[in-house]
Every structure is written in C-alpha cells, then in structure tokens.
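Trainee: Letter by letter, the chains look like this.
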Amino acid sequence: MTPLALGLLNVFFVLLVSLTLAAGLIWVERRLLALWQDRYGPNRVGPLGLLQVLADAIKILTKQDWIPPFADRAVFVIAPGVIMVTVLLSLAVVPITPAIGVVDLNVGLLFFLAMSSLGVYSVVLAGWSSDSKYALLGALRAAAQMLSYEVFMGLSLMGVVLIAGSFDLRKIVDAQARLWFCIPQLVGFVVFLIAGIAETRRLPFDLPEAESELVAGFHTEYSGMKFGMFFVGEYLGVILISAMITTLFFGGWRGPFLPPIVWFLIKTFAFIAFFVLLRASLPRPRYDQLMAYGWKLLLPLSLLNLAVTAAVVIAIHHGGGA
Amino acid sequence: MLSQLQTLWLIFLHLFHRRVTVEYPEHKAYLPPRWRGRIILSRDPDGEERCVACYLCAVACPVDCIALHATEDEHGRRFPDFYRINFSRCIFCGYCEEACPTYAIQLTPDYEMSEYRRHNLVYEKEDLLISGQGKYPGYNFYRVAGLAIGGKDKGEAENERPPVDLKKLVP
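Sequences listed follow chains Z and P, in order.
The numbering of the first sequence is my numbering, which starts it at 1 and goes up by one.
The numbering of the second sequence is my numbering, which starts it at 1001 and goes up by one.
Hints listed in this document are in silico derivations from the structure and should not be mistaken for laboratory results.
On a predicted model such as this, the values are computed, not experimentally measured, just so you know.
Note that beta-carbon positions come from the ideal geometry of N, C-alpha and C, so glycine has one too.
Hints may be right or wrong, so weigh each one.
Simulated restraints on C-beta separations [what the hints assert, rightly or not]: (1) P:H1119 to Z:G46: 31 to 37 Å; (2) P:T1021 to Z:V75: 27 to 33 Å; (3) Z:T97 to P:R1019: 33 to 39 Å; (4) Z:A114 to P:L1015: 33 to 39 Å.
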C-alpha cells in the first residue's frame, strides 16, 4: 500500500472511530449513570439499548433547525462547527498504536494545547452571537474557566515533557516503556485530570452550562443538529482528554499480551467511565470556589511540580555525569 | 478532597447494588386489591346489576365524568339505561365507590387502559359491567333492603321484621 493510501486510511479510521465513539458515548453515559443510580438506563431500543444512539441521531437530525431572529446568524452557525473542528484536529496528533495515528508532529503536545485553547472560541462565540443573557453569562463563565484552567493544564504537562525530553507524543509514549509517567508525575497527572475536566466543561465543572442557574448556558438558543454538534463536541472532548491522559501518563498503547489498540481503548475507556462517575457523584462548586481552586491551589501546585521535576531531571543528568 | 474521593467510591459501589427499576411490560409491580384503577360495575350474586341508578356517584364525582340515566323494569327495580364514564376526565379518586350505597361501582387494580383515540376512553355500560361481584361477594342490595319490588314484598328481606300494621293497637 502506498504511504498516501495508508495515510488516508488512518485519517478515515480515526475520524470514523472517534465520531462513532462520541455518538456511542451518549448511550454509554446514560447507561453508566443509570447503573450508578441503581437504575438500568436505556435498554429497550435494540440489543442492550444500543440502537438508542441511532434513535437519538434520527431525532436530532429531523428536528427543526432554528436560528433565533435576534442572533448574529453567521457567527451563530459557525460556533458549533469550531468546537468539532478543534477537537477533531487535536485527535489527529494522538498516537493510538505504533501503526495508527493521523500525523506525527514533533510539537504534538503544543498542538493539542493550542487546539484546546481555540475550542474556547466556540463557546464564547456561541454565547455572544446568541444575544441572550443566559447564553452570554454562560459564555463569560466558560471563557474565564477555560482560560484559567488552561494555564496549569499546560504547566502540568511540562513535567512529562521534561522527563521524556520531547513534545512528540510518540516519543513520550516510548519514554514510558519502563515506567508509566503517572508514578513520577502523580501531581502532574492529578492536575491535568482536573484541568481536563474543566476544559471539557464536564461535571463537576459544568458551570458554563449550569442548568439550575443558566438554563443551558452558552447553548441555550441552540436546537437541532447545531445543539447536537456541541453535544458531540463535548463527548469528543471527553474522548480526547481520556486519550491524552492515557498517552501522557499511562503508557499509551503499551501493555502486556493484548494488541496495542486494545490496550489503548481499555485505558481510554477507563477514564471515560471515570468522567461519568464524576458526573454521577460530585456536586457543582460555586463559581468563586472554582476560580479560587484553580488559581490558588492548582496553579502553585503545578508550578511546584514543574520546579521539582526540573530539579530532579537536572540532578540525574548532570549529577551522574559530573 | 478526602470526602469527595469517598463519595466517588461509594457511588462506584452502587454498580453492584440491586436495581430498583421494575421492568414494566415483563414484570409488573404488585398492586393491592384496594388500588384505585379502572372503574367497573359489579353484579349481585343472582347475576343482576347492582346499580340502582341513584346518581350519588355522579354527584360525588369531582370532575363530573360519570353520566347515567335511571329507569325501572317491570318488577320495580331501578337500573341505569345508560351509564357512561369518561376516563379521560376521571381522576381515580374513588369518591364514586365511597358514595355508592349498593357496592355497585368499584375501582380495580387495573391501569392499562391507554388508547390512541381520546373518544375510546369513554366507557359505556357494557364496557363497565363485569359478570362477577367484585370486592363484596354475597351482597345483594334488594335482598337486604326494605324496598318492595316484584317478587319481594315489604318485610320479606333478610333480617327484616314484617311491617307494623298501623291500624292495630297491638304492638
């Protein structure tokens, strides 16, 4: 097979699998939430309720696609697309197995951070173009939350970069051949996990769309497939963060006996399930608590982690040589 | 932080708890006999209608969903010539059952009465009448009541003394 055909195959494989998984997560999340609430969840449509995904898709695609007359039409239409594009672009740099992965960038980690920063635009533009107070309040919160949590999201990853000595995600996975980074970088892992939840605006950090206060936050005015895009974008974000945690801290595709793709999927799914578990258990914090928690606890913690990691790396490299 | 981790763990353990859901069409929850469901009209032990068309149920009904019209047969027994319950209005409060002096109207533990057309929820007498006696077996209003009907004069009911002759002095 020519490299071009192989590349295209990779692209379509990753695109198809991630979009299918994102749609399937609707069912997974509802089933898992139900299990943790002593219910069954959707189990009627098809085997185990799996066709619920299809039913939801048909429903959301046939809904009226309505744009409120007071909205800024162009921006209103573009906003849901932005989140899909940025998250899908981030997924391109994730190394799934030694053979699968859309592109190998030597700054893959930076690309991921850049794309997740661009994702904020989607939320802010959606809230702004809706011209509705709830949407605007949601967008304000989203902007503040995502920008502040992005700061130490990047910082928490620098420890990994220091140890692996590269921004290339494949090199980072290779550097975990002996020891997964979740052990030397436990603090980095915890901080990244929390920042990742905040980035994807999942509970308990779903303040931008807190339905008890803001109706639905930034996507209050959206309906039909445009709302569906936000929905799928959120699930894609969950997949992305889980995949990144797997790649950066849990050795990516590495594991005994099973083929690499299975290991990658198992690890990723474990974190997706953890995201759902968080939603099932924790209440939403107050907004000032969220901000204080970020700036006063997590930022110093990630800076400290970075400093200590840097010191240890220098001590090992230079202490041994000198 | 510790309490939040504890919460996560406790919620996770719910994975292994028993489900509270009753999967309805396959499994049905037990309903007590006094459940207030679909309304029926019962018959007495002789197989006659118990309803004497006294209108008390229609009066008691807070949503006016009961409509009936009384008539009499050749023996002087009252019965409704039509009896209609509009179940799209009925709130299953059971006041009709409480008001009924003859145990004729009764609520049953049946609730599966969904329809695609609203007018199918209007039940006529033939839909409401059952062949049995419902919750009060053995009860026959005309056999215990002092009312005279064809084939049963005054004083011939169960536990009833013959009527006092007002024109005699002897008690």
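Trainee: Okay, Z:T97 versus P:R1019 on CB: inside 33 to 39 Å?
Mentor: The hinted range 33 to 39 Å holds for Z:T97 and P:R1019, with Cβ atoms some 37 Å apart.
Trainee: Evaluate the given range 33 to 39 Å for the C-beta pair formed by Z:A114 and P:L1015.
Mentor: 38 Å, holds
Trainee: Can the suggested window of 31 to 37 Å be confirmed for the beta-carbon pair P:H1119 and Z:G46?
Mentor: 35 Å, holds
Trainee: Would you say the C-beta atoms of P:T1021 and Z:V75 sit inside 27 to 33 Å of each other?
Mentor: Between P:T1021 and Z:V75, where Cβ atoms are some 44 Å apart, the hint is violated.
In this structure, the one hint that does not hold is number 2.
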